[in-house]
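*Asks:* This is what each chain is made of:
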Amino acid sequence: MDERERFDLVYDIGESLLKNGAEIKRVELTIRHVAVSLKLKDFDSFVLINGIFMTAYCDNGMVQARVRVIPISPISLGRIEGINTLSRQMSEGTVTAEEAMARLEEIKKQGFTSTRLKIVAYALGSASFCYIFGGTIWDSLGALILGIILSIYSIFILPRVNMSKIVINVTSSMLVSILACIAVKLFPVLRLNSLIIGGIISLVPGVPLVNGIRYLFNEDYSSGWGQMIDAVVTSLCISVGVGIVLQLFNML
Amino acid sequence: MFESPKRYYLYCGGIGAFGWFIYLVIMHYWTVPVTATFVSALVLTFLSREAAYALRAPVTIFLICGIFCLVPGIGIYNFTYNFFIGDSVKAAQTGVQVLKIAIAISLGISVAYEFSPKWFYAYRRRQKLLEQKNK
Chain D
1 MDERERFDLV YDIGESLLKN GAEIKRVELT IRHVAVSLKL KDFDSFVLIN
51 GIFMTAYCDN GMVQARVRVI PISPISLGRI EGINTLSRQM SEGTVTAEEA
101 MARLEEIKKQ GFTSTRLKIV AYALGSASFC YIFGGTIWDS LGALILGIIL
151 SIYSIFILPR VNMSKIVINV TSSMLVSILA CIAVKLFPVL RLNSLIIGGI
201 ISLVPGVPLV NGIRYLFNED YSSGWGQMID AVVTSLCISV GVGIVLQLFN
251 ML
Chain Y
1001 MFESPKRYYL YCGGIGAFGW FIYLVIMHYW TVPVTATFVS ALVLTFLSRE
1051 AAYALRAPVT IFLICGIFCL VPGIGIYNFT YNFFIGDSVK AAQTGVQVLK
1101 IAIAISLGIS VAYEFSPKWF YAYRRRQKLL EQKNK
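If you're matching them up, the sequences are chains D and Y in order.
Residue 1 is where the first sequence starts when you use the numbering used here, and the numbers rise one by one after that.
Residue 1001 is where the second sequence starts when you use the numbering used here, and the numbers rise one by one after that.
Accuracy of the hints is not assured; some may be wrong.
Stated by the list, open to error - Derived Cβ-Cβ restraints for the label pairs, each shown as a range:
no.: 1; chain 1: D; residue 1: Lys-109; chain 2: Y; residue 2: Phe-1115; range: 36 to 42 Å
no.: 2; chain 1: D; residue 1: Pro-71; chain 2: Y; residue 2: Arg-1125; range: 38 to 44 Å
no.: 3; chain 1: D; residue 1: Val-69; chain 2: Y; residue 2: Leu-1130; range: 41 to 47 Å
no.: 4; chain 1: Y; residue 1: Arg-1125; chain 2: D; residue 2: Arg-116; range: 35 to 41 Å
no.: 5; chain 1: Y; residue 1: Tyr-1029; chain 2: D; residue 2: Gly-134; range: 33 to 39 Å
no.: 6; chain 1: D; residue 1: Ile-229; chain 2: Y; residue 2: Leu-1130; range: 43 to 49 Å
no.: 7; chain 1: Y; residue 1: Gln-1097; chain 2: D; residue 2: Tyr-57; range: 48 to 54 Å
As the list claims (entries may be wrong) - With the C-beta cut set under 8 Å, the calculated list includes, among others, these residues of chain D facing chain Y:
no.: 8; residue: Glu-81
no.: 9; residue: Lys-109
no.: 10; residue: Phe-133
no.: 11; residue: Ile-201
no.: 12; residue: Pro-205
no.: 13; residue: Leu-209
Stated by the list, open to error - Sample of chain Y residues with no beta-carbon within 10 Å of chain D, all distances over it, derived:
no.: 14; residue: Val-1039
no.: 15; residue: Phe-1046
no.: 16; residue: Phe-1083
Hint data in this document are derived by calculation from the structure and do not stem from the laboratory.
This one's a predicted model, so the numbers in the text were calculated from it and none came from an experiment.
Beta carbons are placed, not taken as given, at the ideal position from N, Cα and C, and that holds for glycine.
Next comes chain Y alone, as it looks inside the complex (with noise of 0.2 Å):
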């Protein structure tokens, strides 16, 4: 739907199936979704620039297909349906929970997005390949 090109789809599928079990598997343990979607959100990003430095594409394609799963897509809609039919106080949890999570991921995200380079694998071995040329 995104329009990404078809020879990422199985790194976009990968990442994205890996950050959703790891959000279910934190879930079924300690059931705290804000916790649990900041660290699947981190972790998802860790992935996609692995990817994104891996095959020299833009992180932004990992990211919006794997994350898809996370974001609170269904949770906005309850929110504004209930806004929309009346129920203020149901809407207002669903609003406030839907905010909460948003900021989780985005967290996570930002958090990710801060990791150096060189924590990634792509990146350090195409660096040593570059060292090798010149030399």
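For reference, chain D alone in the conformation it holds in the complex (with noise of 0.2 Å):
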């Protein structure tokens, strides 16, 4: 494998984690780990919460460089897992450079949960925390059917329309409020605020903020406030979308 080959390989190991949202020192000193393992000259790399830059000395004098955007994107630990594993086993001499490429593209593709077993986790976390927030069982149990519409609506609809982040929060706490605000009208039983809550919990960034605030603490203040200011964006798109609705609710 020449200097390029492997150059890439770094820059594709250090992409992948940071998409799949490790943090930005853990993406840091994976890459650096794996360009010792993979013998590439003075690497200096500089990760952003959007962006990762990389230069590294060939052999030949020159220097390569490489800079990307990556947009901030959900989280999916499986991956991280793997790359994470990976990562150690090139420290170790364990896995040479083509396997990893191999294992990496297999990482990338790879799926961690099946899609029923989604559906199951976005349930039960609407209907818990619908609990924990003061709602009443008939409240979980209202919760637990607006987490089942939601998953299917995030999991099956909007991979194919192709919306930017805003719209797709903005809609999907329109839905959740819509329906629950059809459920209260139905069964008067129902509270209209647990409802919403438990509704909307699998989208509020709670863990962003508090990221956000780590990196700012870790002293990396661009990807402290970069992931601030997206979590603060994000609930306000959602708080949109429940506002409009619940005004025009009670203007009826």
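Using the hints, put the two standalone chains together into the complex.
*Replies:* Here you go:
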């Protein structure tokens, strides 16, 4: 394998880690380890929340460099774990560069959770959070159904229509609140507030907000602000969706 | 939802439940949300690192799943919702509260990350095994 290919492999590993929501520190550490194991000289990297910059020296005196923007995207812990194991094996020297490349492609394609399990996760998450935030058993039951519908919407419909993140969040939260309003009209036992909170819990960005503040504490100011603003904008979109529907509902 | 591998489900669930239990216990006796969040984030991160050493998996897996109960997801939603419907006073209140809790969690995590690896049972055991092998 020549230098260029090895450099691309390191880049690929970094990119897939970042794409699947690994922490900045972890991405930096991992690609440094991998670069050492692949014997790249004077390897330097700079990782942001939405981009990677990498340089390395070649044998013929040229400098290799690559930059790419990577959008902030949902977390996939399975892939992070897979790539982590791979990079550790590379550092230990048990996996060659060619094998690593093949393994990486495999990890990229692999799905870790079946669709059915994901729907169950959405539904149970909605129901239990509805209960924690003061809903009754009946509210939780309603939230369970809302969770199922939301998961079907986000797993089956959203990948087919090419929409921006903002529109996705607004439409998902609007869907949840419209359904919640209908449910409250049909069954007056239910409480609108608990239903909506249970329904949107899988959309709200709690973890990104905390991660953003952690980056700030790690003196990584650009990524920290990026992550936090992303969380606030996502949450604002959700609120806009819910707000519009509730205002219309109150007018009726 | 975070596509974690199946073999870690039980550990993630256990760690998350334990963190939430600590939070509830502290809240029951003292009603101090920020301190309670800080302590449970600390314990959660400690447990996650223990699990990570024991199972040779990244800490992030256990941490993200465990911390999901604590993060102020609904808080940030309430903040932006109040902001959107024009209730600025309430928005400011919830916003500051969310910020406090989020800072408490991240402080808890950062502090627990600074712990020496020697404090972790699984790490010590592995070091011992390594030493025996080297002998």
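*Asks:* Would you mind marking each hint as holding or not holding in the structure?
*Replies:* Comparing the hints with the structure gives:
Distance hint for Lys-109 of chain D and Phe-1115 of chain Y: a CB-CB separation of about 37 Å, consistent with the stated range 36 to 42 Å. Evaluation of the 38 to 44 Å hint for Pro-71 of chain D and Arg-1125 of chain Y yields a pass: the beta carbon distance comes to about 41 Å. Between Val-69 of chain D and Leu-1130 of chain Y the Cβ separation comes to about 42 Å, which falls inside the hinted range of 41 to 47 Å. Evaluation of the 35 to 41 Å hint for Arg-1125 of chain Y and Arg-116 of chain D yields a pass: the beta carbon distance comes to about 38 Å.
Distance hint check for Tyr-1029 of chain Y and Gly-134 of chain D: the Cβ-Cβ separation is about 20 Å, which falls outside the suggested range of 33 to 39 Å. For Ile-229 of chain D and Leu-1130 of chain Y, the Cβ-Cβ distance of about 45 Å falls inside the hinted range of 43 to 49 Å, so the restraint holds. Range check, Gln-1097 of chain Y to Tyr-57 of chain D: Cβ separation about 51 Å, and the 48 to 54 Å hint holds. A hinted interface residue such as Glu-81 of chain D counts as satisfied when its beta carbon comes closer than 8 Å to some beta carbon of chain Y; here the least separation is about 6 Å, so the hint holds.
Annotation: Lys-109 of chain D was flagged as interfacial toward chain Y, and the flag is violated, the nearest CB pair being 13 Å apart, outside 8 Å. For Phe-133 of chain D, the suggested interface contact is upheld, since its CB lies about 6 Å from the closest CB of chain Y, less than 8 Å. Nearest Cβ of chain Y to the Cβ of Ile-201 of chain D: about 6 Å, under the 8 Å cut. The hint holds. At its closest, the beta carbon of Pro-205 of chain D sits 7 Å from a beta carbon of chain Y; the interface hint therefore holds under the 8 Å criterion.
With 8 Å as the threshold, the beta carbon of Leu-209 of chain D comes within range of chain Y, its nearest partner Cβ sitting at about 5 Å, so the hint holds. No beta-carbon of chain D is positioned within 10 Å of the beta-carbon of Val-1039 of chain Y; the least distance is around 15 Å. At roughly 16 Å, the least C-beta separation between Phe-1046 of chain Y and chain D is larger than 10 Å, which holds for a residue marked as non-interface. With a closest Cβ-Cβ approach of about 7 Å to chain D, Phe-1083 of chain Y is found to fall inside the 10 Å limit, against its non-interface label.
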